[in-house]
Amino acid sequence: MTSLDQSPENGVAPTSEGPAAPPQQVVEHSKKSQLLSRLFRSKAATISLIILLLVLVAAVAAPWLAPNDPSAIKLIQRLKPPLYVNGAGTHWLGTDSLGRDVLSRIIYGARVSLTVGVSAVAISGTIGLLVGLLSGYFGGLVDDVFMRICDIQLSFPTIMLALTIMAVLGSGLDKLILVLGLTGWVQYGRIVRSQVISIKNDEFVLAARATGERQWQMLFQQILPNIWSPVIVIGSFTIATNIVAEASLSFLGVGVPPNVPSWGTMLADGRQYIGVADWLTIPAGIAISLTVLAINILGDWLRDYLDPRLKNIL
Amino acid sequence: MKNEVLVRVKDLKMHFPIRAGVLNRVVGAVKAVDGVTFDILKGETLGLVGESGCGKTTAGRAILHLYRPTAGEVAFRGVDLAKESPEYVRRARRHMQMIFQDPYASLNPQMRVGEIIGRPLRVHGLVKDAQEEKHLVTELMQKVGLNTSYRDRYPHEFSGGQRQRIGIARALATSPDFIVCDEAISALDVSIQAQIINLLEQLRDDLGLTYLFIAHDLGMVRYISTRVGVMYLGKMMELTSSDELYDDPLHPYTKALLSAIPIPDPPLERQRQRMLLEGDLPSPSNPPAGCRFSSRCPLATEHCRAVEPKFREVTTRHWVACHLV
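Protein chains in written order, with our numbering: chain D, 1 to 314; chain Y, 1 to 325.
Treat the hints as calculated values from the structure; they're not laboratory data. Please note that a few of the clues may not be correct.
Derived SDA-like pairs (lysine to any residue); straight-line CA-CA distance at most 20 Å [said to hold, decoys possible]: (1) K200(D) / F16(Y); (2) K83(Y) / E73(Y); (3) K200(D) / F220(D); (4) K134(Y) / R122(Y); (5) K310(Y) / H323(Y); (6) K200(D) / L252(D); (7) K10(Y) / V74(Y); (8) K13(Y) / F38(Y); (9) K200(D) / M111(Y); (10) K200(D) / D102(Y); (11) K43(D) / I297(D); (12) K42(Y) / E201(Y); (13) K200(D) / K134(Y); (14) K128(Y) / Q217(D); (15) K200(D) / K83(Y); (16) K43(D) / S33(D); (17) K200(D) / Y67(Y); (18) K83(Y) / R209(D); (19) K200(D) / R90(Y); (20) K175(D) / L252(D); (21) K200(D) / P109(Y); (22) K310(Y) / G35(Y); (23) K200(D) / T57(Y); (24) K200(D) / A105(Y); (25) K200(D) / L66(Y).
If the Cβ cut is set under 10 Å, some of the chain D residues that face chain Y in the computed set are [what the hints assert, rightly or not]: (26) S198; (27) D202; (28) A210; (29) T211; (30) G212; (31) E213; (32) W228; (33) P230; (34) L306; (35) R309.
Positions of the beta carbon are idealized from the N, C-alpha and C atoms, including for glycine.
Please work from the sequences and hints to get the whole structure.
Printed below as a string of structure tokens:
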């Protein structure tokens, strides 16, 4: 090479012109340990991860952790206040209107709530992402068809769709997930579509085409990595809505049977006793809010993590 | 120089439809490129100059089939790509690449430099494993003067000049014969422009590349080009060897363009007769009748406004589209 090697912008040492070398890059970490070490640098994200792990453990190990059978009805023990109210009794978080142990129901409830929240988001996110990508990228007729389907979908109230599906397929946890998954995809679809439209004409996509990339490579390897952030934000947000929606749908009989505990149904059942027995709603409410908060914080952190421009700040 | 034609452009037209109304009917067309004809010889650098909006970028993209030309023929090594299947065109891209104007927009912000440069190799199946790809990427980075330790950095960590080097390395990855440099240096500051021009020149000589060099900086174009074409409103106005164009321009538009280059010598600059053009570039959706330049040409006659001049060879290898020459 000739004079080019001496040009100031090729200096080996990072100057003000060149990229500043972040210290953690000197030693090459494996991808996994880099992810964790960067996660632990954020206090909020670390705490959120711990909360989520606890919820996950509760869901998986419920039979060993729960002090009582969550479905055992003891009418004699009904509406017993929790320990923190009068310091007496055997039920830490009290009992509900049928004498069932609230703590056990919270622990078991993590199963239904997490399953519903996460699976429904996985379904609606996948459908919405695919529809949005194809619709935004190809435009024209594909776009018209998909967007009209979106409009049709939006014109049906969720409840009506849920009742229809229930009438056809019967009720159950899987049907509930299906309902929430099938009604939630539109917002992903629309956001993803608009993101794709806004970046598909960027020069780097044209450059990918000029180098001879195939359509699917441009769509999934060039465009998709650039639109994750809104998807993650809506996703972490919708998990919360789904956990609460499960309660109202279960109330209508589409969701889980009444004897299966879930945070949503506990909230709905406890509502009528809120004046006399607030321990029926408060723990379930706290469980929902903490989980949702943790998911949202982790979602935010993940979004920032995936943006290479924020690599050194996080 | 061997006079082997690498790219033959014949009566290339690229019109973009204008749609309006509820029914999205086509109500007109922007005639960005409206019938240009020229050859690009193997090993030469053909400069393409003109005002903003004259269609030079569109011409470059249509030549690479990034747009589907409305009419006309672009033959690469004798094969008319418009007649071939999309898959054939995609494979042919290996041999013709592009360097983009904006080094900030043309690199995917989510990809590491090594990946950006290595992708063309993978897409065209030119490497058999990651090891070989890494090796070739290292070579390419050295070739364009990038520090190879920057492989795992992201584009936003680089300066404009470095980014343009990344773009050049990407274009070189598949060892193409033909590269369209679309205003490849306009977005860079002057000191970096010189470095990139030198790099392009050196690569051309080392690798036997052929360039279509699109720019609006007349000085740079003269420096790097063997021949230069002048475009105005979608048409080629004059095409000849670079020295002849600058020393003996025949078309009034070329004369006006050249007289706009400042001379770095104040007394000379003050004495010089400048030929100033009046008015703006007419709309490419509704170009003037007759000669396209007639609405701004100081020498235009009635004949010019009525009849479109032919693009003809006035003297040996000097093509002009003007009635008055």
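Per-residue hint verdict: W228(D), partner chain Y, C-beta under 10 Å: holds (9 Å)
Satisfaction of hint between P109(Y) and K200(D), Cα-Cα up to 20 Å: Judged against 20 Å, a Cα distance of about 14 Å means the pair holds.
20 Å Cα cutoff - pair K43(D), I297(D): holds (10 Å)
Interface restraint verdict for L306(D) against chain Y (beta-carbon cut-off 10 Å): Holds. Min distance 8 Å.
Restraint check for K83(Y) with R209(D), where alpha carbons must lie at most 20 Å apart: holds (19 Å)
20 Å limit on alpha-carbon distance, applied to hinted pair K200(D) and R90(Y): holds (18 Å)
Hint check, A210(D) versus chain Y [nearest Cβ-Cβ separation less than 10 Å]: The hint holds - A210(D) has a Cβ within 10 Å of chain Y, the shortest such distance being about 4 Å.
Pair hint K200(D) and T57(Y), alpha-carbon separation not exceeding 20 Å: Answer holds: K200(D) to T57(Y) is near 19 Å, not above 20 Å.
Given hint S198(D) near chain Y, where the shortest CB pair must fall under 10 Å: violated (13 Å)
Given hint L252(D) paired with K200(D) - CA-CA distance at most 20 Å: Roughly 44 Å separates the two Cα atoms, so the pair is violated.
Restraint check for K43(D) with S33(D), where alpha carbons must lie at most 20 Å apart: Judged against 20 Å, a Cα distance of about 17 Å means the pair holds.
Hint consistency between K310(Y) and H323(Y) [alpha-carbon to alpha-carbon, up to 20 Å]: holds (8 Å)
In this structure, the hints that do not hold are numbers 6, 13, 15, 26 and 33, in rising order.
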